[in-house]
Amino acid sequence: MTATGTILGSAVGDALGAPFEFGPEGAFTERFPVPGQGGEMCGGGGWDPGEATDDTQMAVLVGESLIRFGRLELPDMFGEFRRWAVSDPKDIGLQTEAVLTSGDPWDLAAALHFQVNQRAAGNGSLMRASTSAVFFAPQGRDATMSAARRIAALTHGDRAAWEGTAILHELIRVALLGHDPLTALPDTLDAVHPDHRARYATVLAGDWHPDRATEFNGAVWPCLGSAVWALRTTESYEDAVRAAIDLGGDTDTVAAVTGALAGAVHGHESIPERWTEVLHVPLPGSGGRVLRAAELTDLAGRLAERRPAREHMP
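Numbering (numbering that gives the first Met the number 0), first residue to last: 0 to 313.
Quick caveat, the hints were computed from the structure, so don't treat them as lab data.
Treat the hints with caution; some may be incorrect.
[Claimed, not checked] Label-pair restraints from in silico Cβ distances: (1) Arg82 with Ala293: 33 to 43 Å; (2) Phe68 with Thr28: 40 to 50 Å; (3) Asp189 with Arg82: 32 to 42 Å; (4) Gly38 with Pro104: 44 to 54 Å; (5) Asp75 with Asp141: 20 to 30 Å; (6) Leu93 with Arg196: 22 to 32 Å; (7) Gly25 with Val115: 35 to 45 Å; (8) Pro104 with Gly25: 23 to 33 Å; (9) Phe68 with Asp297: 12 to 22 Å.
A virtual CB, placed ideally from N, CA and C, is assigned to each residue, including glycine.
All chains should be built: construct the whole structure from the sequences, respecting the hints.
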């Protein structure tokens with residue numbers, strides 16, 4: 000099931016990449032030179048083996064809000080983000096934390112932060128997009144891209160982050176339909192806001208390489224470009240995620256975005272069981288809940304079928 004592949008694939012990429020965050024290029028392959036040898040869910044850097052980060056935690060919060068209401072309910076989603084942010088998560092982006100702990104209303108907090116700081120094009124809205132991409136996919140391109148922008152705007156005031164998240168939503172939607180998302184890039188770019196189209200066209204071009212990035216891959220443009228590059232230059236989920244982590248830098252998020260795309264394309268069966276069996280997602284602020292692969296699979300199914308939460312959630 001490609002919906003499961005999207006959500007589980009993103010979480011696995013996140014957990015695999017976390018111990019290598021801010022490390023050098025090639026660190027993953029240097030430590031695990033032979034694919035399939037095992038032990039890759041190694042932990043480190045404050046993370047337990049198989050532990051997902053804020054990337055997946057926020058994706059779960061997005062998904063559970065969508066299931067509760069059966070629609071996009073932005074005040075609820077922001078409230079869940081805020082409750083999580085003040086519950087001492089192991090990691091949280093500086094920009095996201097500033098917005099969520101500002102005390103400003105849900106519909107003004109990100110905009111006010113951007114107005115003051117003029118910097119809000121981080122990849123923090125990309126990292127959590129797997130669940131919303133699955134939920135909105137049946138509604139078509141315009142609806143899924145619009146929803147992505149609105150969710151991104153909860154924490155990111157820069158439209159660049161909105162447009163990048165919209166592109167990711169649409170590429171996943173195309174993959175969920177069984178088509179090659181790479182062939183959809185031209186039409187997807189046509190739907191991007193004109194002020195941001197050229198910059199995304201550059202990083203999504205077939206000849207672009209992450210070495211050509213002009214920003215750290217914690218920014219939205221090279222993060223998305225790197226994920227598409229990893230998908231384009233590999234033939235399996237495993238190889239795509241390995242390639243993403245080997246880029247170094249913001250490895251958990253680049254691998255989470257790559258994992259969502261590669262999981263949507265290759266399906267959940269392509270994700271190695273040795274990775275999913277130790278995967279777990281602690282949810283700060285949720286009474287000690289920890290989601291594992293089975294719970295993420297169930298979440299994916301409910302999002303894909305758009306089933307209301309009251310039948311399944313306490």
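Can you name, in rising order, the numbers of the hints this structure does not satisfy? Going through the list in order, the structure violates hints 1, 8 and respects the others.
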